[in-house]
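In the numbering used here, the protein residues as written are 462 to 618.
No lab work stands behind these hints: they were computed from the structure.
Misleading hints may appear alongside valid ones.
[To be verified] Between beta-carbon pairs, the in silico distance windows are: (1) 578 to 480: 17 to 27 Å; (2) 515 to 607: 29 to 39 Å; (3) 522 to 589: 21 to 31 Å; (4) 543 to 578: 14 to 24 Å.
[Said to hold, decoys possible] In silico DSSO-like cross-links for lysine-lysine, where the CA-CA straight-line distance does not exceed 27 Å: (5) 555 to 593; (6) 477 to 586; (7) 617 to 555; (8) 586 to 485; (9) 570 to 617; (10) 485 to 570; (11) 596 to 617; (12) 508 to 477; (13) 467 to 477; (14) 477 to 570; (15) 593 to 467; (16) 555 to 467; (17) 467 to 508; (18) 595 to 485; (19) 617 to 586; (20) 617 to 595; (21) 485 to 617; (22) 595 to 467; (23) 586 to 596; (24) 467 to 570; (25) 508 to 596; (26) 595 to 555; (27) 595 to 508; (28) 570 to 593; (29) 467 to 617.
Heads up, the beta-carbon is just placed ideally off N, CA and C, and yes, glycines get one too.
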Amino acid sequence: MERKRKMEIILIRHEKAEALQEGKTDRERHLTDSGVLAMQAVVPALKAHLGTAPVLLWTSPAVRARETATVIIEALDLEPATEHDFIYTGEFAKFEAALVDLDVSDDAKLLIFGHEPTLSDWIHKLTGEHVKMKKGDMASLYLTSESPFTANYSGKI
Numbered sequence: 462m463e464r465k466r467k468m469e470i471i472l473i474r475h476e477k478a479e480a481l482q483e484g485k486t487d488r489e490r491h492l493t494d495s496g497v498l499a500m501q502a503v504v505p506a507l508k509a510h511l512g513t514a515p516v517l518l519w520t521s522p523a524v525r526a527r528e529t530a531t532v533i534i535e536a537l538d539l540e541p542a543t544e545h546d547f548i549y550t551g552e553f554a555k556f557e558a559a560l561v562d563l564d565v566s567d568d569a570k571l572l573i574f575g576h577e578p579t580l581s582d583w584i585h586k587l588t589g590e591h592v593k594m595k596k597g598d599m600a601s602l603y604l605t606s607e608s609p610f611t612a613n614y615s616g617k618i
């Protein structure tokens with residue numbers, strides 16, 4: 462039986478990160494100073510979009526995604542983000558399983574901090590839309606069904 466849920470998912474790509482350096486892994490790359498400033502600049506738009514809804518945050522364990530989440534968390538006084546390796550690896554089945562396990566109200570908003578090409582791929586799998594996520598982009602999706610998971614693409618914030 463198809464389960465309906467109207468929860469909004471906001472996929473957020475990390476901002477500009479430092480280049481990969483010898484002796485560091487991809488996961489260890491930090492945001493640049495300009496990346497932090499660019500993320501801070503979009504906080505007012507995100508705050509207006511979130512309103513008073515309950516917010517849950519998931520992030521990739523990669524440093525640049527965690528730092529992007531931290532900018533939002535500190536600016537909006539939100540609870541810490543939960544790290545999920547599947548956001549870094551792009552494992553859609555694990556993403557779906559985690560969504561099934563969520564126990565939140567339909568008016569909740571789930572912010573997911575991640576990477577390309579994972580975010581664009583997940584948008585396509587959920588909505589059928591082809592959306593390119595540039596650094597710092599925030600895409601809004603509304604779940605329409607849980608079994609199977611489908612969503613409507615609402616646009617970028």
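Here is how each hint holds up against the structure:
Distance hint check for residue 578 and residue 480: the Cβ-Cβ separation is about 19 Å, which falls inside the suggested range of 17 to 27 Å. In this structure, residue 515 and residue 607 break the distance hint of 29 to 39 Å, their C-beta atoms being roughly 18 Å apart. Between residue 522 and residue 589 the beta carbon distance is about 29 Å. The supplied range of 21 to 31 Å therefore holds. Range check, residue 543 to residue 578: about 22 Å between beta-carbon atoms, so the 14 to 24 Å window is met.
The suggested pairing of residue 555 with residue 593 holds, with an alpha-carbon distance near 22 Å, which does not exceed 27 Å. A distance of roughly 25 Å separates the Cα atoms of residue 477 and residue 586; the hinted pair therefore holds under the 27 Å criterion. With a C-alpha separation of about 25 Å, the suggested pairing of residue 617 with residue 555 holds against the 27 Å cut-off. Restraint check for residue 586 and residue 485: not satisfied, since their Cα atoms lie roughly 32 Å apart, outside the 27 Å limit.
A threshold of 27 Å between alpha carbons decides the hint, and for residue 570 with residue 617 the separation of about 15 Å falls inside it, so the pair holds. Between residue 485 and residue 570 the alpha-carbon distance is near 34 Å, which puts this suggested pair outside the 27 Å criterion. The suggested pairing of residue 596 with residue 617 holds, with an alpha-carbon distance near 12 Å, which does not exceed 27 Å. Pair hint residue 508 plus residue 477 holds up; C-alpha atoms about 21 Å apart against a cutoff of 27 Å.
For the suggested pair residue 467 and residue 477, the alpha carbons sit about 31 Å apart, so the restraint of at most 27 Å is broken. About 24 Å separates the Cα atoms of residue 477 and residue 570, which keeps this hinted pair within 27 Å; it holds. About 24 Å separates the Cα atoms of residue 593 and residue 467, which keeps this hinted pair within 27 Å; it holds. With a C-alpha separation of about 20 Å, the suggested pair residue 555 and residue 467 falls inside the 27 Å cut-off, and the hint holds.
Distance hint between residue 467 and residue 508 is fulfilled; the C-alpha atoms sit about 20 Å from each other, no more than 27 Å. The hinted pair formed by residue 595 and residue 485 meets the criterion: a straight-line CA distance of about 24 Å does not exceed 27 Å. Between the alpha carbons of residue 617 and residue 586 the distance comes to roughly 17 Å, so the proposed pair stays at or under 27 Å and holds. Annotation: proposed proximity of residue 617 to residue 595 holds, straight-line Cα distance about 11 Å (limit 27 Å).
Of the supplied pair hints, the one linking residue 485 and residue 617 is violated, its CA atoms being roughly 32 Å apart against a limit of 27 Å. This hinted pair checks out: residue 595 and residue 467 have alpha carbons roughly 26 Å apart, not beyond 27 Å. A C-alpha spacing of about 20 Å is found between residue 586 and residue 596, which places the hinted pair at or below 27 Å, so the restraint holds. Proximity of residue 467 to residue 570 is assessed by CA-CA distance (about 10 Å); at most 27 Å being required, the pair is judged to hold.
At most 27 Å may separate the alpha-carbon atoms for a hinted pair to count; residue 508 and residue 596 meet this at roughly 19 Å. Of the pairs offered as hints, the one joining residue 595 and residue 555 holds, with about 24 Å between alpha carbons and a cut-off of 27 Å not exceeded. Between residue 595 and residue 508 the alpha-carbon distance is near 20 Å, which keeps this suggested pair within the 27 Å criterion. Under the criterion of a C-alpha separation no larger than 27 Å, the hint pairing residue 570 with residue 593 is consistent with the structure, at around 21 Å.
About 18 Å separates the Cα atoms of residue 467 and residue 617, which keeps this hinted pair within 27 Å; it holds.
Going through the hint list in order, the structure does not satisfy hints 2, 8, 10, 13 and 21.
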